[in-house]
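Undergrad: Protein chains in written order, with the working numbering: chain A, 18 to 598; chain X, 11 to 318; chain E, 1275 to 1592.
Among the clues, some could well be false.
In silico negatives: residues of chain X with every beta carbon more than 12 Å from chain E [stated by the list, open to error]:
(1) K81
(2) I101
(3) V117
(4) K229
(5) D250
Here are some, though not all, of the chain X residues that point toward chain E, as calculated from beta-carbon distances under 8 Å [to be verified]:
(6) I23
(7) P24
(8) V25
(9) L293
(10) V294
(11) P313
Hints in this document: simulated from the structure, not taken from any laboratory. Please read these numbers as outputs of a predicted model, since none were measured by experiment. All residues carry an ideal CB built from backbone N, CA and C; glycine is no exception.
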Amino acid sequence: MTTTITLTDGSTEDVPVVEPKPDARSPLLEIKDLRISFTTASGTVDAVRGVDLTVYPGQSVAIVGESGSGKSTTAHAIIDLLPGTGKVTGGSIMFGGRELIGLKRKETEDLRGREIGLVPQDPMSNLNPVWRIGTQIDEALVANGFPGSKAERTARVAELLGEAGLPDAARRARQYPHEFSGGMRQRALIAIGLASRPKLLIADEPTSALDVTVQKKILDHLEGLTADLGTAVLFITHDLGLAAERAEHLIVMYKGKIVESGPAVQILQDPQHEYTKRLVASAPSLASRRIQSAHERGTEADDLLAEHADEVETTAPDVVVAKDLTKVFQIRGSRPGSHSEFTAVDSIDFTLPKGHTLALVGESGSGKSTAANMVLGLLEPTSGTVMFDGKDVAKLSRKEQFALRRRVQPVFQNPYGSLDPLFSVYRSIEEPLVLHRVGDRKSREARVRELLDMVSLPQATMRRFPNELSGGQRQRIAIARALALKPEVLVLDEAVSALDVLVQAQILTLLNDLQAELGLSYLFITHDLAVVRQIADLVAVMKDGSIVEQATTDEVFDNPQQEYTRDLLAAIPGASLEIGG
Amino acid sequence: MLWYIGRRLLQVIPVFLGATLLLYALVFLRPGDPVAALGGDRGLPPAAEAAIRDAYHLNEPFIVQYLYYLKGIFTLDMGVTFTGRPVVEVIAQALPVTFQLAAMAIVFETVFGIGFGLFAGLRKGKIFDSAVLVWSLLLIALPTFVVGFVLQIVVGVQLGWLPVTAGRDPDFVSLLMPAIVLASVSFAYILRLTRTSVVENVTADFVRTARAKGLPRDKVVTRHVLRNSLIPVVTFVGADLGNLMAGSIVTEGIFNINGVGGTLYNAIIRGENVTVVSLTTVLVVFYIVANLLVDLLYAVLDPRIRYA
Amino acid sequence: MPDNANAMPRPGQRHYVAPPEDVKVEVVDALDASEAPSSMWREAWREMRHRPLFWASAVLIALVVTASVVPSLFTPVDPTSCNLDNSLGAPTSGHIFGFDKQGCDIYARTIYGAQASVLVGVLATVFVTILGTVVGAVAGYYGGWFDTILSRITDIFFAVPLVLAAIVIMSLAATRTSLVVATVLALFGWTSIARITRGAVLSVKNNEFVTAAKALGMGRGAILVKHVLPNSSAPIIVYSTVALGVFIVAEATLSFLGIGLPLSTVSWGGDLNKGQVSIRVAPEIMIYPATALALTVLGFIMLGDVVRDALDPKARKR
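Please work from the sequences and hints to get the whole structure.
TA: Dropping the structure here:
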């Protein structure tokens, strides 16, 4: 018996079906009251506190939670791959009627790959850089007793890579991981995970490091593949929209416990637990409108929204105007003397009206951050101009440029890299004031306190250091530092991308409130269209250095003109779901 | 890969020129007049002095003298020792035993260093790990000559297990102790480096992936943990050859081995400056060449380098 | 597969909602006010305080440094007043280690020998740290031609092994004081620190807080001094501590070869050199300076180890 699998390149292929469809009525995986703890210097930490979970053959189940919720720990415990000091302290994990806790090492090794596969999270670090891709898949075949000669294995490796959606698989198999893009590596990892036709595939945030369009392609492919093979999938994800779109049963975890579980659609449409409600409300992929500022929240929302859109087109003067902006980088080749030119930004035009938010959206390599750095004056444009308040930035004198710094300030993505770890919060926020000789010691301290109030952090925070703060708190400090000199424009370069959903929603609300309060203009750089809808008035979609579409947010979302924009919109996880309530 | 080799070969040229120039300049700039010193208190007859100055191009400007010195390196003409033997001949005679000693030391330090480091790293925090770490610290803290003397007295004199000195035409057994002494410090460093990278790699994502695909533990350890941990170790072994050379001077001196190091040791003690400089030049050239080879090995071990 | 959604949930998959009192939903991203503020350095100190190895090395270093500054605190005997009548004499009261071949008090010589080692070690370390940090930081931070030229120069010096180069220079040197030995060791020992600093600076300079400082209009030099160098200091400190031990070994090796400090200076290396003549008859003569030397070096190397563990955020997480 064979089944036909459709590959992404359109060709089809006959693959033997491994087993007759297993009995779908008895659970494949049944976890009961699972408890896991880690030993640290300061004592024992309970990471998972009594989790129950059931997966049926061929079914897809998703565990959703923020970082630290215990979702990955739960999944790793199934195949005895807990990191460091992690130990299962109680409960049971039944797989196909067999208890997995307390298995001998050899038994676990037999189980891994053959019965349960894993597709890990970060494609960049999960392949061994010193072995060829094919070798790493071949290892999985050998380890799981693939019958056949070396040549047959090589053929099988190419077949598996092709099945995972990698064109030209035989040649690709001879390449090394560093010759692969992120998406290609993720496909190789999928090929490894499915190499021995496991009954269950654990997909641990399998695509969160990838661009949305790539993510969608890979997830679609994975879904088709596992459906054809009859593989059950346990998704681990932080993205509620993605989980609901890809799984029929959802498990929401919070601080090591399950707060709510059940049919995906039911949970999304009618969340019961307070935490799930929050999660549903904050998930950017599910949000359908702009966040309102504190002021607006008081009045009727719809009127204001309409008013907002009008304003963009009529009244507000343009504070930043980019014209024909181009940046060409010289790339040194591997051969001596050889170098090529790379046009990161290709004559783009955009305008940022005062008091509004313009989002530059694009996937990695689209040139959006390069554009942002030119607005910030950190990169010199190869050609074209950035006008600030009607003045060409490039033609300013040194002194004028220094003065301009006060009016445009950045907030960056990485909450761990954006603050000097050796500076106290006070010093970090005070630094711009000292540099620009604003006020005396006393007035500066008062300003720091005021700024901490603005970003809703207690004033006592100023004596702390970045390593004691969470990602969201650091990002608040970074915003406070950017606001210290009372700038008119903030360049927010992926400023919320690294944060958990709830924290992300909180920071977006804060940004929105600050904009309404201080009349700030935002240049919002992001790869995440879902977030754009929550914060931006205008959107410019970038691809390969050019702006392919530019319009108001509502227009872009309701009536996208370009194919690429439509692809991007369709790739937002959960875009196809309809959420009530 | 070819481009990598080519580029690496090109890089060697300025390093070679720079290093020899540096050495030569140091000798050239030393205080005092070597020719005048030759004659002792009475001084040489002016004609003889002039002849020597001509023969050694001492009247030429510095850079010309340096070029003569370079020519000497390439034509294997590096002057004579105090006893009148050409330096090249001395080196040619001394090289085989030094090579044998160095090869034995490198085998000891890498095999045992990587072995102990691997086991310590896999048992991080256990007693074996702590014991090995303390041991390695002790070895690093003990200068080579102290280790040499201690082994000589304990193993050689008191226990009588191994010959105390090697002497002329040493065999494998009599080189055993010197090789262990020579390897001791580098062994400790390699052990610690291996342990550190093993500890790092054990928790690496790709190792977890390897385990998740069902690879048995010994294969995970050899093919993923150990294989990747070798990369920094190889780099270290290359850079450490310099220490091995310096160590061979002391070791060959203590064990009375007539290798390059032993010859250098005796030349230092007798104050034969010409021989010291020539032999050092030879060692530096060896060091540069060996490092080149190590870099190529590094490229074999790490595919990312070949395309960088 | 939301199409199955309307089917009856299967056993174990019915809609479950945790009772609200079971899991308390906390305020999002609340600040933990319970712990006192602490900087990275204070955290490192807290980490080190709990390590016995730290205290062992601290005691060793304190003892050696005290002995090198005020040796008379440990012994009233003059190490240079020797009497050949006592040659190879056994320990007596007041001379607990006995006498060497020249009839000098070994204990006093061991105590007084600390000064030479510590002086050369500290001087050489200070020199290489300054030179290496400046070269590495400039090369790494400014990049371009600076980097190319400085890196090539570093390669050239790196191609001449430290002890080998020191042997050549010292065998030709006219004067051999601690300062000369330290300078010679520093001249060929700075390359490792330069490479380490360059690497650290390269990784720090791409941090977003550096870009943020640029966006504030801060000058390049100011950013290097205020942000980049302090954040690159951890590996430099660790390496310098270990290098101090390595330089002490190098000095001892040179003195042992008779081309380090002159024999008239009391030093461990020199005493080991003198001791090897009578090694077969009286090996214990060499044990004392060798042990003192090893313990000193051990102190600095262990300290380097502890400091590295304390400063390495990766090691701390594990």
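Undergrad: Under the constraints set out in the numbered hints, which ones does this structure not fulfil?
TA: 5, 6, 11
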